[in-house]
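Residue numbers (this note's numbering), protein chains in the order written: chain A, 42 to 400; chain B, 42 to 400.
Don't read these hints as lab results, they were simulated from the structure. Glycine included, C-beta positions come from ideal geometry on N, C-alpha and C. Any given hint could turn out to be false.
[Said to hold, decoys possible] Heads up, simulated DSSO-like pairs for lysine-lysine below, C-alpha to C-alpha not over 27 Å straight-line:
(1) B:Lys-359 - A:Lys-259
(2) B:Lys-246 - A:Lys-246
(3) A:Lys-146 - B:Lys-146
[Unchecked claim] Here are the in silico distance ranges between beta carbons for each label pair:
(4) A:Lys-384 - B:Ser-87: 27 to 33 Å
(5) B:Ser-372 - A:Asn-236: 51 to 57 Å
(6) B:Glu-241 - A:Asp-394: 48 to 54 Å
(7) B:Lys-237 - A:Ile-231: 36 to 42 Å
(8) A:Pro-66 - B:Leu-339: 34 to 40 Å
(9) B:Ser-254 - A:Pro-314: 47 to 53 Å
(10) A:Lys-71 - B:Gly-261: 26 to 32 Å
(11) B:Gly-95 - A:Lys-384: 56 to 62 Å
(12) B:Ser-372 - A:Gln-357: 42 to 48 Å
(13) A:His-51 - B:Glu-139: 54 to 60 Å
(14) B:Leu-339 - A:Glu-68: 37 to 43 Å
Protein chains: 2
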Amino acid sequence: MNDIVLSHQHLKKFASEIFLKIGCPEEQAKKAVEVLISADLRGIDSHGIARLSGYVRLWEAKRINSTPNIRVVHESPSTSVVDGDAGLGLVVAPHAMEIAIQKAKVCGTGWVAVKNSNHFGIAGYHSMMALEHDMIGISMTNASPLVAPTFSVERLLGTNPICVAIPANEQPPFVADFATTTAANGKLEILQRKNKEAPEGWIQKKDGSISTSPHELKDGGALIPLGSDREHGSHKGFCLGAWVDIFSGILSGANYGPWVPPFVSFLAPPTDPVGAGIGHFFGAMRIDAFRPASEFKLHMDNWITRFRASKTIEGQEKLIIPGDPERESESERLVNGIPLNPKVVDDLKALADKFELKF
Amino acid sequence: MNDIVLSHQHLKKFASEIFLKIGCPEEQAKKAVEVLISADLRGIDSHGIARLSGYVRLWEAKRINSTPNIRVVHESPSTSVVDGDAGLGLVVAPHAMEIAIQKAKVCGTGWVAVKNSNHFGIAGYHSMMALEHDMIGISMTNASPLVAPTFSVERLLGTNPICVAIPANEQPPFVADFATTTAANGKLEILQRKNKEAPEGWIQKKDGSISTSPHELKDGGALIPLGSDREHGSHKGFCLGAWVDIFSGILSGANYGPWVPPFVSFLAPPTDPVGAGIGHFFGAMRIDAFRPASEFKLHMDNWITRFRASKTIEGQEKLIIPGDPERESESERLVNGIPLNPKVVDDLKALADKFELKF
Numbered sequence: 042m043n044d045i046v047l048s049h050q051h052l053k054k055f056a057s058e059i060f061l062k063i064g065c066p067e068e069q070a071k072k073a074v075e076v077l078i079s080a081d082l083r084g085i086d087s088h089g090i091a092r093l094s095g096y097v098r099l100w101e102a103k104r105i106n107s108t109p110n111i112r113v114v115h116e117s118p119s120t121s122v123v124d125g126d127a128g129l130g131l132v133v134a135p136h137a138m139e140i141a142i143q144k145a146k147v148c149g150t151g152w153v154a155v156k157n158s159n160h161f162g163i164a165g166y167h168s169m170m171a172l173e174h175d176m177i178g179i180s181m182t183n184a185s186p187l188v189a190p191t192f193s194v195e196r197l198l199g200t201n202p203i204c205v206a207i208p209a210n211e212q213p214p215f216v217a218d219f220a221t222t223t224a225a226n227g228k229l230e231i232l233q234r235k236n237k238e239a240p241e242g243w244i245q246k247k248d249g250s251i252s253t254s255p256h257e258l259k260d261g262g263a264l265i266p267l268g269s270d271r272e273h274g275s276h277k278g279f280c281l282g283a284w285v286d287i288f289s290g291i292l293s294g295a296n297y298g299p300w301v302p303p304f305v306s307f308l309a310p311p312t313d314p315v316g317a318g319i320g321h322f323f324g325a326m327r328i329d330a331f332r333p334a335s336e337f338k339l340h341m342d343n344w345i346t347r348f349r350a351s352k353t354i355e356g357q358e359k360l361i362i363p364g365d366p367e368r369e370s371e372s373e374r375l376v377n378g379i380p381l382n383p384k385v386v387d388d389l390k391a392l393a394d395k396f397e398l399k400f
Numbered sequence: 042m043n044d045i046v047l048s049h050q051h052l053k054k055f056a057s058e059i060f061l062k063i064g065c066p067e068e069q070a071k072k073a074v075e076v077l078i079s080a081d082l083r084g085i086d087s088h089g090i091a092r093l094s095g096y097v098r099l100w101e102a103k104r105i106n107s108t109p110n111i112r113v114v115h116e117s118p119s120t121s122v123v124d125g126d127a128g129l130g131l132v133v134a135p136h137a138m139e140i141a142i143q144k145a146k147v148c149g150t151g152w153v154a155v156k157n158s159n160h161f162g163i164a165g166y167h168s169m170m171a172l173e174h175d176m177i178g179i180s181m182t183n184a185s186p187l188v189a190p191t192f193s194v195e196r197l198l199g200t201n202p203i204c205v206a207i208p209a210n211e212q213p214p215f216v217a218d219f220a221t222t223t224a225a226n227g228k229l230e231i232l233q234r235k236n237k238e239a240p241e242g243w244i245q246k247k248d249g250s251i252s253t254s255p256h257e258l259k260d261g262g263a264l265i266p267l268g269s270d271r272e273h274g275s276h277k278g279f280c281l282g283a284w285v286d287i288f289s290g291i292l293s294g295a296n297y298g299p300w301v302p303p304f305v306s307f308l309a310p311p312t313d314p315v316g317a318g319i320g321h322f323f324g325a326m327r328i329d330a331f332r333p334a335s336e337f338k339l340h341m342d343n344w345i346t347r348f349r350a351s352k353t354i355e356g357q358e359k360l361i362i363p364g365d366p367e368r369e370s371e372s373e374r375l376v377n378g379i380p381l382n383p384k385v386v387d388d389l390k391a392l393a394d395k396f397e398l399k400f
């Protein structure tokens, strides 16, 4: 079946109605919608409107609090720890990033660890908040355990993404937003829908042997850290995922490693939590705390222009600068709409029925 | 030929004599030796005493200043930019990390970008300086361009390592120290000496096609970012290398990308520099700017213990915690000495002759 194309305005209106129905205050619903639909616009379909019914189910299970009291529980001049009060990560994360930006205005840099939160949408949204202030933005989050470290058969880490957003002058910003695994979970979902095999090096079976089935995680298999195997540096991907887990989970007082609660309501959270909810970590660095921003941004233009002009391997059109594909998707989808898988549309229709809304 | 085993005391004494001969002040020579030999002790042979003659040749070529005036040229409460005055990176880097630690004492975190420096030895040494202060240490550096970004045939980035060092309580610290390529250049040197082929995914030919020759870089080939190819996430390895390059080179005012000067004296630096020397970036984060250090370190113990106890793939003895192999090497080599390739020993003997010293 073909995708169904809907405008971002349509999706935003519907998502907003849903967030209001579950009790979010108006301003928070608005922010949640903006973060959620930025994923659909930027082409990261697994993190956008397709997740809406999942958030609702977690709220129904009383694992998401729609009226959180998000508060700073510890701080120093350049740092804060934020308790998200089990709120939507879509709301807690931009709140925390805003604190990082305010700290950076005073101190040069600001660093905020968050506990007691939930899935925060795409990391890119939060990092990019720093750009308009001539700051570098950093965001990371831990996530439900789906990844087996090198040599392990156990799912001990999430896909734990990192995003670094860096402003330029005439060039668009550098925005590197990536899961610390060989492939993000969303890529498996695409293969499942298309009934295709995954390449070797993305997934392992529950005994740690090679698998190419995108359904393997249902049978106890695991995703593999960036690098695919020890010989190709999967221990480095494990280092990255662990770094994100410790900054997001242990600095903040959230859960970490295998204790991170699942994103889906049909799986119960661990009964022996080591912290509160899931954790995030944010940073904002004022460029002019290092050198004049105008000077820095001209050099960023030079960096991007030089890399973009690189001679390429035969058959490859160009070197892709981090952030290019997502920006191109956004330009296109703002105009032409967002293509949704029919299963996602059915799910949204069921959600509309539940709350007596129209989709 | 077999390796020749020498004590770290012997190597330290000799390296100290050499640094004094090229005019380093006594305190700086002492620090340079400590950083240099920490690489040999930790098993990163490519970054230790084997590089000593290279530093001397760069000094002879007037590309290293043995009496630098290392100074802060820009700062904010939580940041500094340091001009290394073309000094040994082995001296400039710990100086800059010390500034980051002092900033963190006051502000919660400290962040220092360095320009006008040279090769700084192993990243691990500098990050680990933070541990005794109950801080997290971060270090990164850009490096001579040897790496082709995904789809490119040009060497535009260095192997650009990152190290994150995190204290624990009874467990040893978590120390992740890794090049952002599939394999570090030192691994190629080992294969060259052993006359062995490299696995596919480490190196490409000058046209971007697959190579398994560890000599390929001499023929215009390149190292590959972590991930090995696009399908396995090499664009993410490129993101990491680019991040390190921009933080180390552009925030500081150093060279970046293809303009980073080569580490070897027989290759001239670019005639159109975009900054000064090579760049580094350091961070120190006080744990108790986030939560009580004692509490954090108990959770780190729990994290490490849980991961170390993981069930492993058949045939694999254990999950390796980042920092384990280097620490084990250090314990062993402190007692039993440091094995040196005979070619390295010949090189050191030639260096001794040049300065009328005994090796």
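Check your understanding: Can you list which hints this structure breaks, lowest number first?
Key -> Result: hints 2, 4 and 10 break, sorted rising.
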